[in-house]
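Peer 1: Chains as they are written, first to last, in our numbering: chain V, 2 to 291; chain L, 22 to 288; chain P, 473 to 736.
Take these hints with a grain of salt, some might be off.
Here are a few chain P residues that face chain L, going by a calculated C-beta distance under 7 Å [claimed, not checked]:
#1 N474
#2 Y549
#3 I556
#4 A652
#5 Q655
#6 L662
#7 I666
#8 L679
Taking lysine-lysine pairs in the DSS-like style, the calculated list, with each CA pair at most 25 Å apart, reads [claimed, not checked]:
#9 K99(V) / K206(L)
#10 K208(L) / K485(P)
#11 K18(V) / K34(L)
#12 K3(V) / K66(V)
#13 K106(V) / K30(L)
#14 K34(L) / K70(V)
#15 K3(V) / K215(V)
#16 K485(P) / K136(V)
#17 K709(P) / K730(P)
Going by beta-carbon spacing under 10 Å, a handful of chain P positions derived as facing chain L [what the hints assert, rightly or not]:
#18 V493
#19 T495
#20 L497
#21 F550
#22 M653
#23 K657
#24 Y671
#25 V672
#26 K682
#27 A698
#28 L712
Hints are computed from structural coordinates only; laboratory data are not their basis. Model, not experiment: these values are computed from the prediction. From the three backbone atoms N, C-alpha and C, an ideal C-beta is built for every residue, glycine too.
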Amino acid sequence: MKIIETTNLTKFYGKNKGIEDVSLSINEGEIFGFIGPNGAGKSTTIRLLLSLIYPTSGKATIFGKNCFKYGHEIRNDIGYLPSEVFYYDKMRVKELLKYSASFYKGDHSKRIIELADIMELDLNRKIDELSYGNKKKVGIVQGLLHQPKLIILDEPTSGLDPLMQQKFFDLILEENKKGATVFFSSHILGEVQKLCNRVAIIREGHIVKIEDIKTLRNDNYKKVSIRTSNHNQKVFAIEGISNIEQVDGEINFFFNGDINVLLSLITKHKVNDVIIEEPTLEEIFMHYYK
Amino acid sequence: MNIYKREIKDKLKSTIVWSISIFALIMLFMSIFPVFSRDATTLKLMMDNYPEEMLKAFGMSGVDLGSVAGYFTMTLLFTQICLAIQASNYGFSILSLEERELTADFLLTKPVTRTKIFFSKFAAAFTALTITNVATWGSTYLSIEMFRNGKDYDIDIFIKMMATIVLFQLFFLGVGMVISMLVKKVKSVLTFSMSLSFGMYILSAFGSIIGEDTLGYITPFKYFEPNTLIINGAYDRTMIYVCITVIVVSLLASYILYNKRNIHSAN
Amino acid sequence: MNIILRELRASIKSMAIWCGVFTVLIFMYMSEFSAYANNEEMLAVLDGMPEAMLEAFQMNSFNLTTLTGFYGILFTYFILMLSIHAILKGNSIISKEERDRTVEFTLVLPIKRSKVVIGKLIAVIINCIIIDVFLYGIILFSIQSYLPEENFMEFLLLLFASTFIMQMLFLSLGIMFGCAMKQYKRSGYLGISIILISYVLSIVSGLSKKLEFLKYITPFKFFDTAVIKNEMALDWKYILISFTIIVICLTIGLITYKKRDLYI
């Protein structure tokens with residue numbers, strides 16, 4: 002059974018396009034990355050899956066059930082962490098989590114304490130006194146306390162320090178090992194590559210590509226910039242190079258291929274400096290998914 | 022039950038404050054009654070000298086301000102203003118709370134239907150209003166016993182006057198709810214609720230002074246104008262039906278709209 | 473200057489609504505007035521109303537069959553409406569920054585907080601003036617086909633003067649609450665309570681001679697439209713009281729806002 006399946010899901014805000022013809026299919030046990038720049042339609046898709054908003058056209062099912070008809074049943078097994086967390090100000094952390102737990106069957110008090118321990122969250126603080134990062138932690142505990150079968154994460158790592166991010170990723174991986182499927186939306190390619198099995202890339206409301214993470218790794222684009230007194234850029238015209246441009250004493254290009262070939266080519270010339278780095282997500286979009 | 026409990030807890034303080042305010046208001050007005058009724062004994066005689074039709078234009082014919090019930094109509098008017106503000110406050114806030122406080126991502130991603138959220142919120146608001154209603158009954162009884170100055174009163178009239186409070190509250194609650202669902206965002210609950218409650222009051226108040234009748238069908242202050250009750254012994258049936266229709270339609274409409282509403286993200 | 477402009481732009485919609493409401497009200501009521509104008513019978517009815525009742529609703533000494541009497545009564549309600557508008561607006565123009573979580577934007581701009589408050593204050597004052605001027609225009613238009621009494625125009629200007637003082641009074645109260653109170657939600661409710669209590673007291677003070685002293689407490693009695701009509705002047709005593717209150721409120725508002733911690 003597919004955990005999430007959407008067919009031609011479309012949402013317009015008046016005349017403005019939110020997303021158009023988004024078709025996704027996510028299997029049980031996957032960690033599915035959903036990646037795209039700001040405003041591409043990531044949050045719109047997620048809000049549709051949670052039936053916070055209703056589609057203009059198209060279908061969406063989770064656990065084989067229609068999202069918009071059986072939303073409340075489905076949500077029993079969904080854990081959701083929004084990108085920005087706001088909670089009822091007057092409550093304490095403990096009260097909020099208890100209130101949250103009261104919506105799900107069973108007793109979750111043990112799990113709350115366990116998760117709060119891992120995330121180093123003080124349960125007795127008042128919500129409105131918490132910092133952004135700490136509110137985020139409340140969100141994480143709140144999203145995971147009922148051991149959901151599907152975890153939906155909307156840019157979850159912002160506001161968490163690297164140590165906490167690592168703890169959070171470990172938590173997610175652990176849940177995944179126990180059988181949870183994860184839908185991970187982000188605009189940071191690195192963290193998606195680290196965690197996910199498959200990735201969908203969304204841009205301007207359309208799915209541009211759905212790829213296995215392994216292929217994405219094979220598609221190992223590097224951004225290379227070489228400072229040299231040799232101003233002839235044609236020297237570097239080998240297979241795998243694209244978008245080559247020359248600015249002053251610098252030659253910039255993208256390279257996708259055997260890195261050894263490139264390195265041996267560089268050593269043949271007199272260069273002052275070489276930078277080889279990961280292209281940013283935006284650059285990937287700019288150059289490859291036009 | 023959990024949503025209901027939370028909503029009640031949220032409204033508890035405001036319910037208590039409103040109940041106490043209304044108690045103070047009724048006590049304040051009624052405590053003046055002994056002094057007032059002495060000045061007013063000649064009023065009735067004066068009013069009897071004028072043709073019935075003319076006094077009716079002012080909604081005052083047959084109202085003896087020297088009597089307990091007659092005087093109480095004025096007290097009730099101001100109590101109604103308070104009740105209207107409270108009910109419209111709840112009306113405008115309950116369904117829009119999640120979007121205003123940006124907590125929609127919390128509540129609406131829980132495994133509950135919007136129908137259940139709607140009814141829990143409505144039930145909680147109604148409970149809170151009923152508490153205030155009961156407090157109003159109690160304050161009225163107490164104030165009359167304390168200040169009636171030995172004068173008799175017709176308990177029937179009082180029961181009829183007070184019995185309409187529930188419809189009065191539901192009108193403002195329902196209309197508030199449906200408006201909050203029709204607008205894009207309720208930024209400030211107070212602005213909305215003051216416009217609705219005071220707008221209705223001013224429409225009714227000025228309407229009675231200059232004898233404008235058609236507008237009466239818009240404002241509940243007219244539906245349940247205590248003077249009418251004292252004069253005719255009953256409220257205007259048509260107006261009661263109008264009120265009930267408005268309540269039913271607005272609740273139904275807000276239920277449908279809430280179920281269909283797109284909840285956008287916080288940023 | 474930019475703050476004033478931004479705030480004015482933000483309140484265009486609310487101003488338009490207010491102007492619309494007044495237009496509808498005035499024309500509705502003027503169509504009623506056409507039945508009253510110079511109607512002897514109506515006059516008789518009014519004379520026969522119980523004094524205490526009329527007093528309570530500030531209807532005594534007004535003759536509904538004249539423009540002066542008609543607008544005298546209308547204005548008791550207009551002043552109530554505009555006072556509510558002023559206190560809510562004064563309060564929200566300050567506290568909305570916290571409500572809409574925009575403090576972080578506005579108050580990190582390179583300007584003093586006091587300048588922010590003063591800019592906003594000026595914007596609301598302009599706001600009030602625009603509504604007043606509009607209302608004045610509508611009234612002038614509405615009475616075209618009637619022959620106003622001798623003193624009517626002067627009376628109308630006095631009404632507007634008192635309305636404006638009341639607006640400033642409640643506006644400065646609203647701004648003070650908005651500035652001084654940590655919880656923006658409470659400051660709104662406090663403003664409303666003040667209005668309600670003042671209004672109830674103004675009614676109660678008319679019920680009995682013994683309660684007349686209340687008129688010093690409730691602003692709604694400061695410039696009783698009936699008194700204005702009889703004296704054809706505003707009472708200097710109350711102008712002074714109002715002015716003092718306005719200055720005190722604004723000073724407190726400015727000082728507290730300067731020192732206050734702001735959160736989102």
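Peer 1: A closest beta-carbon separation below 7 Å is what the hint needs, so does L679(P) meet it against chain L?
Peer 2: holds (5 Å)
Peer 1: Holds or violated: the hint that V672(P) contacts chain L, with Cβ atoms closer than 10 Å.
Peer 2: Holds, about 6 Å.
Peer 1: How about V493(P): closest beta carbon in chain L under 10 Å, or not?
Peer 2: holds (8 Å)
Peer 1: May I ask you to test the interface hint for I666(P) with respect to chain L, counting a Cβ-Cβ separation under 7 Å as satisfied?
Peer 2: Status violated, d = 13 Å.
Peer 1: Closer than 7 Å between Cβ atoms is the bar; does Q655(P) clear it against chain L? Give me holds or violated.
Peer 2: violated (12 Å)
Peer 1: Are T495(P) and chain L close enough, Cβ to Cβ, to be under 10 Å, as the hint says?
Peer 2: violated (15 Å)
Peer 1: Double-check Y671(P) for me: the hint is only fine if its C-beta lies closer than 10 Å to a C-beta in chain L.
Peer 2: Hint holds; Y671(P) Cβ to chain L Cβ min 8 Å, cut 10 Å.
Peer 1: Between K18(V) and K34(L), is the straight-line Cα distance small enough, at 25 Å or below?
Peer 2: violated (44 Å)
Peer 1: Under the criterion of a CB-CB separation shorter than 10 Å, is F550(P) in contact with chain L as hinted?
Peer 2: holds (9 Å)
Peer 1: Starting from K3(V), check that the Cα of K66(V) is at most 25 Å away, please.
Peer 2: holds (10 Å)
Peer 1: Against chain L, run the beta carbon of N474(P) and see if the smallest gap drops under 7 Å.
Peer 2: violated (22 Å)
Peer 1: Report holds or violated for the interface hint on K682(P), using the least CB-CB distance to chain L and a cut-off of 10 Å.
Peer 2: holds (6 Å)
Going through the hint list in order, the structure does not satisfy hints 1, 4, 5, 6, 7, 9, 11, 14, 16, 17, 19, 22, 27 and 28.
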